[in-house]
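Protein chains in written order, with the working numbering: chain E, 1 to 680; chain F, 1 to 204.
FYI, nobody ran anything at the bench for these hints, they're computed from the structure. A hint or two may mislead.
Computed footprint of chain F on chain E; a stretch qualifies when at least three of its residues, placed anywhere within it, have a C-beta under 8 angstroms from a C-beta of chain F [said to hold, decoys possible]:
#1 132-144
#2 258-270
#3 569-582
From chain F, some residues computed to sit far from chain E (all C-beta separations above 10 angstroms) [claimed, not checked]:
#4 Arg7
#5 Gly14
#6 Ser41
Cβ-Cβ distance ranges computed for the label pairs, FRET-style [said to hold, decoys possible]:
#7 E:Ser105 x F:Met204: 23 to 31 angstroms
#8 F:Thr27 x E:Tyr250: 45 to 53 angstroms
#9 E:Thr149 x F:Met204: 22 to 30 angstroms
Glycine included, each C-beta is placed from N, C-alpha and C at the ideal position.
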Amino acid sequence: MPTLWGLTGTATASRTETALLTGSVTVRATPSVYASGTATVDRATLSAWASQIRRTATRVFLGDLGEDMVRLRDAVAINIDSTSPVATATFRLTDERCAFFADDSIATGGIPVSIRCRISTDTATADTTVFSGLTEGMTNEDPYVPTATIQCAGTGAEWLDAIGCIALAAFGGYTRAEILRQFAEAADVDSTRIVGGEGSGVVNLAMDLSGLSVWELARRFAEIEDWYVREDGGDLYLLPATDVVGAAAYPIFAFEPSNYFSLREDPPIRPVTKYILSTVGIPDEVLSGGTEETTTEIQGGTYSSGIRWETRTTTTSTNGVVTSQRIEEWRDAAIPGVTPRAVAWRLWRLTVTETDWQTTTYNGVTLRTSRIDGQTTTVSEWYSAPCRSSSGYVWDDGSRHIANAATFQVIEERVTTYTYDPSPSCLLTSKLTLVGGWYSEIVDSGQTYDDGSVRADNSYPWTAYDAAQPYQKIEETYSEESSDAARTVESSIVTSRWYTPSGATEEAWGEAEGSTTRWTTTPGSGVIVEATSEFLADGSTAYSSKSYAGELPVLARASADIPQFRTVPLVLTATAEGDRYAVTQSVETIWGAESLADLTTVARRRFRDTMSPRVTILHPALPLLKVFDVVTVTDPARELDEKQGYVASYRLALDPLNGGLRQETTVVFPLAEYDPEVTA
Amino acid sequence: MAQPGIREAVYLDGAALVAGPASVSPTWLKAQTRDRARDGSLYVDSLQPETGYPVIMAKLDLSLGWETLCAADIATLNEIIARGGPLDVCIWRPVTEAFYVASGTLFGGSLLRRNALTTISPLPTGAAANYPVTAKDGSGAALTVVLGTPDATTGVTPWTCATASTGETATISYAPVYRMYVAEAQEAFSQPHRQGQTLRLEEM
Numbered sequence: 001m002p003t004l005w006g007l008t009g010t011a012t013a014s015r016t017e018t019a020l021l022t023g024s025v026t027v028r029a030t031p032s033v034y035a036s037g038t039a040t041v042d043r044a045t046l047s048a049w050a051s052q053i054r055r056t057a058t059r060v061f062l063g064d065l066g067e068d069m070v071r072l073r074d075a076v077a078i079n080i081d082s083t084s085p086v087a088t089a090t091f092r093l094t095d096e097r098c099a100f101f102a103d104d105s106i107a108t109g110g111i112p113v114s115i116r117c118r119i120s121t122d123t124a125t126a127d128t129t130v131f132s133g134l135t136e137g138m139t140n141e142d143p144y145v146p147t148a149t150i151q152c153a154g155t156g157a158e159w160l161d162a163i164g165c166i167a168l169a170a171f172g173g174y175t176r177a178e179i180l181r182q183f184a185e186a187a188d189v190d191s192t193r194i195v196g197g198e199g200s201g202v203v204n205l206a207m208d209l210s211g212l213s214v215w216e217l218a219r220r221f222a223e224i225e226d227w228y229v230r231e232d233g234g235d236l237y238l239l240p241a242t243d244v245v246g247a248a249a250y251p252i253f254a255f256e257p258s259n260y261f262s263l264r265e266d267p268p269i270r271p272v273t274k275y276i277l278s279t280v281g282i283p284d285e286v287l288s289g290g291t292e293e294t295t296t297e298i299q300g301g302t303y304s305s306g307i308r309w310e311t312r313t314t315t316t317s318t319n320g321v322v323t324s325q326r327i328e329e330w331r332d333a334a335i336p337g338v339t340p341r342a343v344a345w346r347l348w349r350l351t352v353t354e355t356d357w358q359t360t361t362y363n364g365v366t367l368r369t370s371r372i373d374g375q376t377t378t379v380s381e382w383y384s385a386p387c388r389s390s391s392g393y394v395w396d397d398g399s400r401h402i403a404n405a406a407t408f409q410v411i412e413e414r415v416t417t418y419t420y421d422p423s424p425s426c427l428l429t430s431k432l433t434l435v436g437g438w439y440s441e442i443v444d445s446g447q448t449y450d451d452g453s454v455r456a457d458n459s460y461p462w463t464a465y466d467a468a469q470p471y472q473k474i475e476e477t478y479s480e481e482s483s484d485a486a487r488t489v490e491s492s493i494v495t496s497r498w499y500t501p502s503g504a505t506e507e508a509w510g511e512a513e514g515s516t517t518r519w520t521t522t523p524g525s526g527v528i529v530e531a532t533s534e535f536l537a538d539g540s541t542a543y544s545s546k547s548y549a550g551e552l553p554v555l556a557r558a559s560a561d562i563p564q565f566r567t568v569p570l571v572l573t574a575t576a577e578g579d580r581y582a583v584t585q586s587v588e589t590i591w592g593a594e595s596l597a598d599l600t601t602v603a604r605r606r607f608r609d610t611m612s613p614r615v616t617i618l619h620p621a622l623p624l625l626k627v628f629d630v631v632t633v634t635d636p637a638r639e640l641d642e643k644q645g646y647v648a649s650y651r652l653a654l655d656p657l658n659g660g661l662r663q664e665t666t667v668v669f670p671l672a673e674y675d676p677e678v679t680a
Numbered sequence: 001m002a003q004p005g006i007r008e009a010v011y012l013d014g015a016a017l018v019a020g021p022a023s024v025s026p027t028w029l030k031a032q033t034r035d036r037a038r039d040g041s042l043y044v045d046s047l048q049p050e051t052g053y054p055v056i057m058a059k060l061d062l063s064l065g066w067e068t069l070c071a072a073d074i075a076t077l078n079e080i081i082a083r084g085g086p087l088d089v090c091i092w093r094p095v096t097e098a099f100y101v102a103s104g105t106l107f108g109g110s111l112l113r114r115n116a117l118t119t120i121s122p123l124p125t126g127a128a129a130n131y132p133v134t135a136k137d138g139s140g141a142a143l144t145v146v147l148g149t150p151d152a153t154t155g156v157t158p159w160t161c162a163t164a165s166t167g168e169t170a171t172i173s174y175a176p177v178y179r180m181y182v183a184e185a186q187e188a189f190s191q192p193h194r195q196g197q198t199l200r201l202e203e204m
């Protein structure tokens, strides 16, 4: 039986009876991902299994002590399929302990089982464990000594049982392989048992992974990354597609007419020929920084008085993040003054808002996060400051101003700064708004105005937002507490400005008014207690409390690391090569895909899986072959001339009574048109 | 060297039969799977349950036939049939078992049965001379082997030799005592007042 296990490197070969090859070598007996570097290759094992005449023994060991079950009936069957990490085994055993009420009953399953084959030839001996796992519950029959058909599940079952739960924020910077490993840890599986996956794609969108097994997550990622996933020896291997299919895949065994008994070919039956795959993803332009976009919105009309009005909003944004907004309010109006200007179409009010966002760097590109550093709003309109009675001009509306006519100028400047807790809380803890404006405080002795008030200045001066005592200061704070007994959210706002304290005649600058609201709940109760207290400029206070069924308010949060982004629907229509099959269409949303490239990989993989023919080969057992091992098949009747494929599944039939060790191996021949993309 | 045919009375678990079976039909059941590859190549898997066992495992299926039985033998056979087994049976025909022994290892292994010369008593006249234990190495040269104590349950008999193998197959010929079980018993009444019997015994 020819074998193609390839060895390269420096090795010391000892071709004695023990036939051990030791040394520092690179082994291409399997895809390179898990066997390279220093290795010891038991050539005796290969030689023994591949021999034409073999002396064999199949043994089933049960229990922690590994009792050799000698009363096996019929053949032992073992199934290994690439679609599952769990090998299964079946055997029939005649034993009193198969009965439920027997002493040391094995009827209820959960018993360790190991199946081993010993192969001897005149030149080599091998003792190979071909299955290990646990028994399942079983039924038994036969009148005198129970005979049970025992099903066993391989050790790989833990990959299916391990249910993890992790939540990943967007732009965490994790690759799919890293996410899979973190998920495995969450499922209490040692992540170092996941081998391979280098160079996998980075996930940008948030992921809430729960209710999945590690195997299921690996399977989903495998479609997107074009991995082939197999369980081997308790570890999970993520094999790149180029190791399994395509020109670079390295065959390790050749099925030839001299080493197999029969071959059955299974062409695809009504495969899907057209996939319409969809997902949502972040547009490339977002991730590359994007370009500044300006949009305009106009609303307008005419009042019943015949006055026309129009509001023009111009918004500037990058990647959907608004950085500035300009609102122009136009109307038919006269400029106020002693003698108002004639009614004309004028810009009446202008509001400009500039927003500064914190940024983060993603792949070398600076992107804005959802944290606002600061926001400045400037309002301008036709204005002249009010003034004392002995100065200024009386306009036609009877009011007194320092100028004889309004000029277009800034009437309010509002600057807000934001403070956040560090990650992972990211809570918006405070918001400080400083306002600049026109105002003169009331004093006992000063300038008398037309309304009878006595103020400090001849006319309202401009008080800048950054003055020691700005026109207005608004402080908002937010906090939350959580314990087993209670959860609390608190919000407060305090406004400082010129105001007249209770009992005073002059205005003072200070905290004029404010309120605090506190929401409290006992976890699980569903009842919220809301308590509010407030104080006003006149010195009065008020409080209130109420309870209701509901949920705690959600405070604002913003991450310093996650850029703002938007998603768009992505749809890929992929049609199989050629017209060999009738058109069959499949429409599906692909979980976890984020780009058209991902969808393309999925479509290519699915076509490769479903359009590729397969053969099932009956041959002497050779369990050293594993799923996704690359092999060649020669069968002149089917025009297979060293046709390269991979092992998709195999079934061992081991007869402990007459020594026969047979195997049915299913080999898939991937069509070249669906080969993976080779990246340098 | 044993002469052709069965030249001694069949030993049937020490039973004192007036007349031995008129026919003795051994059949060998090989524990082996043979399949031919697509190009005609033969692949053979032979059961070798333990290291040191013969390279081919075969069990005896034995039919013993009596055309006519006397009353005493009928009673004796009925007792055997009733008991079923295990029965020590020897038909005094030597068997040969082959053992592959790796290079550098002393010849040795496990005979599947007991040696009749040390199991049956009294022995037929001249048995020691007629049914000696003989052993050969791969080249045909004689080996001096020592048989150990058979396993009390299975009858498997260890054998050893002071000679080292060069990676060859040794053969040992001996007259075995089989451990057998009565699988089938068929009485026959071909004529009034005449009773025959067939026993089919399976090696355990």
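Please name the hints from earlier in the document that this structure breaks, with their numbers sorted from lowest to highest. 1, 3, 6
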